[in-house]
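Colleague: Following the hints, complete the assembly by docking chain B onto the known chain A.
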Amino acid sequence: MLIEILQQTINGLAIGGVYVLIALGLTTVFGILGIAHFAHGSISMFGGYLTYFLVTAQGLPVLAAIPVALAAGILLGLLVEILAYRPVRNANHINAFIVALGLTMMVEGINLQLFGHEQVVIPTGLSRVFRLGGITVPELRLYVIVAAIVLVVAMMIFVERTKTGQAIRAVAENRDAAILMGVNVRTIPLIVFGMSTALGVAAGIMVGALFAIAPGIGEGLVVKGFAVLILGGLGSFPGAILGGTVLGITESIAAGFISSAYKDVIAFVVMILVLLIRPQGLLGRAP
Amino acid sequence: MLSVRDLKVSYGGIEVVHGVSLDVAAGECVALIGANGAGKSSTLKAICGLVPASGGSISFEGNDITRASGHAIVRAGITMCPEGRQVFPQMSVIQNLRMGAYTRTDPEQEADLSRMMDMFPILRERQSQAAGKLSGGEQEMLAIARALMARPRICLFDEPSLGLAPKIVASVFETLARIKAMGVTILLVEQNSMMALNLADRAYLFEAGRIVMEGAAGTLRNHPDVMRAYLGH
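Chains as they are written, first to last, in my numbering: chain A, 1 to 287; chain B, 1 to 233.
For the record, the hints were derived by calculation from the structure and aren't laboratory data. In this text, a Cβ means the ideal position worked out from N, Cα and C, and glycines have one as well.
Straight line, CA to CA, 25 Å or less: simulated SDA-like cross-link-like pairs of lysine to any residue: (1) B:K133 x B:S114; (2) B:K133 x A:I157; (3) B:K180 x B:R202; (4) B:K133 x A:L234; (5) B:K133 x A:L283; (6) A:K163 x A:I191; (7) A:K163 x B:A76.
Just some of the chain B residues that point at chain A, by a computed CB distance under 7 Å: (8) L50; (9) G70; (10) H71; (11) V74; (12) R75; (13) Q86; (14) M99; (15) Y102; (16) T103.
The shape of chain B in the complex, shown without the other chains:
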């Protein structure tokens, strides 16, 4: 479904992703794990067109999207739930959710809206409040629901647990598990390797801008190097 080949990303002439190749099949949940600054987020940003690829190619359902603009990529069916939530702070919760459906023209948007608020009751409760007034955990729920409002064919999550209290992190991952169970294809970037590997089907381990290991999540979870370096065993 999504295929990245030899992707390179540079910021101001300094290359941070040095030729990364990965695949995500329909219905799969794939995690990119690794330390801070390993190039996971930059890979995700290049896929959704927020930063340009300086080399390599990205294709989605057979179409080359390497040079496509961000809004065209969303229309193709790729949605990202960005790092740090990035809600529209002065817009209300419901306006944020409606922005999620910006590219849609079908009549089921309102039904999806109430479905999202069933899934996240706190959003119904706070629907007319400014999104900036929500707590970090609530904003994460809003960002996830807003991404789902696009009815994406694949949903990218960039560090959804970043900066949240452990209890909230657990509930974010419960939510991701529910989304996975709904059949949404997921590409997840996460520093919390243990949680990510428990959720994902497959995973790629990033180190210094390269993929150093890939395979079934269970295999990576039990690999001695991964356990030592990332899982704290």
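Chain A extracted, bound-state conformation:
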């Protein structure tokens, strides 16, 4: 029983890492621009598809394909900010909302046109399995967990320890005061979109390697990402990290002990229960 719980916790950490990366990307964009960036999941999947394409059709090694996909994803993120969100920056919020929905359909369409409707799995060739006591850990899962931790730590260092990172926080907390500090509030959204898309593409590659990429997966991931933000407490980075991990582990334990068919239902029931007790989320501040 204990072994089984530990086993499912390890499994849950890998998918939880994916949720954390998606949620951190969504929360930084939301904090700066007040936009629910629904297209985030589809752009993440674009990165996953591109990695698959580079590895299978171009014969690139996975480790070489990942940076290319990250760079392409970041570029796409910048274009999205400039072409889609910037024009509606000062308009009514509903405009950005509609743009975000339209963009999701567009990117899904582009994915479909470029990569087809087949379900694909990124071949990593990582098939070793580590055994620790009674627990088995596939090496791929371990690398995914480590990569997610490295990315989260890197992002926290960037935001907390660099001038640009502090400017991002400052704009999120008080835009006018940030201007008075000399922050260029036109370049900050670009940096945020670059960072958020990089985390999203990394998550997309992880999904493609661990499970599979198919049309619609990205949209599901965005819904999970927002669920994580609400669970952890909107606007809180530690909340997003805790929320994503909790959701991943809950899903995994539910799938292991009850049925994988019900894992989403159980995860959302847990989420609703948490919000009944703490409406502001796990680490959110009370209003």
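Modeller: Just chain B, lined up with the frame of chain A:
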């Protein structure tokens, strides 16, 4: 140093500042006084680029900054300590102070940081606390110190005494007097006319979006109209 000519400011098509001209020389302390809604704060916001000027011009050290963006104006050397403190509430006191030095690249930022905390011991005491947890008076001190961290050539203060207890107001003005004594050029907007006129070298009196009187602070302080309308004599 700072020269505003025939400045007009509008919000949504309604003009609130109707052609204001004023000058601030290097090393001077100039106060803009007048009733609430007279256009003092809007003038200040237009100078630092937070609201666009709908007419007129603003120049700083010979350069036209009328259409410059807010961050470019800060880099030119104009810093504002905004109305209502506007600290970054979830960032720590020390992170707020460091944000003040955002545009600087010189190596003396850390020395300035400890200088600010010498000047405001409460900020040293509370340095790792979230700025939003400070009292109103402490937040005002933080906002002033944060503005000074930029080493501005001119520092604009927008209603620094607003919403503070009388005792705290006195200490805010003591602080402003110290900053003035340090040689910082000051443009101050203040509803507390008596305090402002005691501190300033020169002053402009605003009424309904226009300047109706200007001159040495002492002259305005003793002018019968000003005394009656704004100083309560």
